Amino acid sequence: MNTTTSTHFVPPTRFEIYDPLNQIGTMWEESFKNNGGGFYTPNSIIIPTNQKPYSLSEDGTEGTPHKFDQEASTSRHPDKTQRRLAQNREAAKKSRLRKKAYVQQLETSRLKLIHLEQELDRARQQGFYASNRVDTNALSFSDNMCSGIVAFEMEYGHWVEEQNRQISELRTVLNGQVSDIELRLLVDNAMKHYFQLFRMKSAAAKLDVFYIMSGMWKTSAERFFLWIGGFRPSELLKVLLPHFDPMMDQQVLDVCNLRQSCQQAEDAVSQGMEKLQHTLAESVAAGELGEGSYVPQITSAMERLEALVSFVNQADHLRHETLQQMHRILTTRQAARGLLALGEYFQRLRALSSSWETRQREPT
Amino acid sequence: MHFTNSNHTKQNKHRPIKAKSLIHKTNIDIMDKVMRMSSEKGVVIFTKSSCCLCYTVQILFRDLRVQPTIHEIDNDPDCREIEKALLRIGCSTAVPAVFVGGKLVGSTNEVMSLHLSGSLVPLIKPYQSLLYQAN
Numbered sequence: 001m002n003t004t005t006s007t008h009f010v011p012p013t014r015f016e017i018y019d020p021l022n023q024i025g026t027m028w029e030e031s032f033k034n035n036g037g038g039f040y041t042p043n044s045i046i047i048p049t050n051q052k053p054y055s056l057s058e059d060g061t062e063g064t065p066h067k068f069d070q071e072a073s074t075s076r077h078p079d080k081t082q083r084r085l086a087q088n089r090e091a092a093k094k095s096r097l098r099k100k101a102y103v104q105q106l107e108t109s110r111l112k113l114i115h116l117e118q119e120l121d122r123a124r125q126q127g128f129y130a131s132n133r134v135d136t137n138a139l140s141f142s143d144n145m146c147s148g149i150v151a152f153e154m155e156y157g158h159w160v161e162e163q164n165r166q167i168s169e170l171r172t173v174l175n176g177q178v179s180d181i182e183l184r185l186l187v188d189n190a191m192k193h194y195f196q197l198f199r200m201k202s203a204a205a206k207l208d209v210f211y212i213m214s215g216m217w218k219t220s221a222e223r224f225f226l227w228i229g230g231f232r233p234s235e236l237l238k239v240l241l242p243h244f245d246p247m248m249d250q251q252v253l254d255v256c257n258l259r260q261s262c263q264q265a266e267d268a269v270s271q272g273m274e275k276l277q278h279t280l281a282e283s284v285a286a287g288e289l290g291e292g293s294y295v296p297q298i299t300s301a302m303e304r305l306e307a308l309v310s311f312v313n314q315a316d317h318l319r320h321e322t323l324q325q326m327h328r329i330l331t332t333r334q335a336a337r338g339l340l341a342l343g344e345y346f347q348r349l350r351a352l353s354s355s356w357e358t359r360q361r362e363p364t
Numbered sequence: 001m002h003f004t005n006s007n008h009t010k011q012n013k014h015r016p017i018k019a020k021s022l023i024h025k026t027n028i029d030i031m032d033k034v035m036r037m038s039s040e041k042g043v044v045i046f047t048k049s050s051c052c053l054c055y056t057v058q059i060l061f062r063d064l065r066v067q068p069t070i071h072e073i074d075n076d077p078d079c080r081e082i083e084k085a086l087l088r089i090g091c092s093t094a095v096p097a098v099f100v101g102g103k104l105v106g107s108t109n110e111v112m113s114l115h116l117s118g119s120l121v122p123l124i125k126p127y128q129s130l131l132y133q134a135n
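Residue numbers (our numbering), protein chains in the order written: chain P, 1 to 364; chain C, 1 to 135.
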């Protein structure tokens, strides 16, 4: 049985059933043949070139191929008509089933695409492409830990968005006229926003202190400056200082004292961390190395690791207090300028990270 | 049949009082001990050898030219009781517990807050050594 129409592949998006009758039977047969017996795949849907039913096709034959009743005519053989109609119903049914399967495939692909886009967005925002955080099959994390960290990452994404919004608002407001009351409100909100991050980090540190310590949720350039899971308080002061001018004499003195005490506190905590590393190394190396058994000594090492959480908290406490003291020493306007500068500094670090990654991916 | 618990009750009456008085006495003893230890002149810090934040606080005071009296309680037989007592006095974590001039300053958090606000140095000024300790 030969088909007399010319056919070609049509992209799935233009697929539509415009004539439920004979052409579907043709399509089904054709695709079945061409796909080696598979039901069909979206990429290989074949429909006849002629778009209108019963119109002349390219080679001059009648548009609609009558595959099944080539020898019969409707008026002379009612039985055959009935048979044709039945076969058409059958073909139509099969076509509907095929369409349903295709649509289901589309839906699955669509959901998959949305999921992938979300993952990509999140990863891009955070500047790294490791996918093991969203891999729910990762064996090294308990479900609770993993979901807690994923939740933290999502929350942090929102935190950054809000941060960007606040920075834009500060910039706009400082460029124009603003009442002291309104400015104070913005400054207070910005402070509270930072404090909220410290609370988030504290909760996440309880779940996975190493995750917080390594700054995995931050961009790569930010991580370069990492000190116990965040920025150095002394670094913060260094960045902000030029933005406070002009300062009153008392302010100059206070800021000077704050810089000194901040540095001393930071140094003390750093040395405490070094001691922790040292004692952990000692406890890991305790007992006979080379004997192949670690179980008895592991308890003391685990106890040392518990202390990491308190160090992360202490580092955030220093950041918190440094910000708090700055707020106390400065006027509202100075504080607003400082917070804008600080926010922009981190924005630049994040932008630097993305640029760097783009550069890395370019072919050399 | 009706059983009275008179005997049982009598015994119960005596035993708890005895036990309570013992605990009460021990608590007072411990509290006295802690008071004595903390009232020593200058800066007094209760620490544990395994506690690295205790080390942090010690480093800070050393940088401020203060030589605090250190009580390492893990070697003390009353270690756990002392810890409880320190918490009861109002220290946020049992160790490190910092006392200046017999008064509780607090734990690491409180010490750091005080220092960043500029209030720690005036507090320890009488106990700062005049010479810079290079170490």
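These are calculated hints, taken from the structure and not from any lab test.
These figures come from a predicted structure and were not determined experimentally.
All residues carry an ideal CB built from backbone N, CA and C; glycine is no exception.
Heads up, some of the hints might be wrong.
[Said to hold, decoys possible] If you only want the chain C side, here are some residues facing chain P, beta carbon under 7 angstroms, derived:
1. S49
2. C52
3. I59
4. V105
5. T108
6. L116
[Stated by the list, open to error] Capping the alpha-carbon separation at 30 angstroms, the derived lysine-lysine pairs in DSSO-like fashion look like this:
7. K206(P) x K84(C)
8. K33(C) x K206(P)
9. K125(C) x K275(P)
10. K33(C) x K93(P)
11. K125(C) x K33(C)
12. K48(C) x K93(P)
13. K206(P) x K48(C)
14. K41(C) x K275(P)
For each hint, the structure was consulted:
no., hint, result
1, S49, "9 angstroms, violated"
2, C52, "4 angstroms, holds"
3, I59, "4 angstroms, holds"
4, V105, "15 angstroms, violated"
5, T108, "6 angstroms, holds"
6, L116, "4 angstroms, holds"
7, K206(P) x K84(C), "24 angstroms, holds"
8, K33(C) x K206(P), "35 angstroms, violated"
9, K125(C) x K275(P), "28 angstroms, holds"
10, K33(C) x K93(P), "92 angstroms, violated"
11, K125(C) x K33(C), "26 angstroms, holds"
12, K48(C) x K93(P), "81 angstroms, violated"
13, K206(P) x K48(C), "22 angstroms, holds"
14, K41(C) x K275(P), "28 angstroms, holds"
In the structure shown, a violation is registered for the earlier hints numbered 1, 4, 8, 10, 12, in ascending order.
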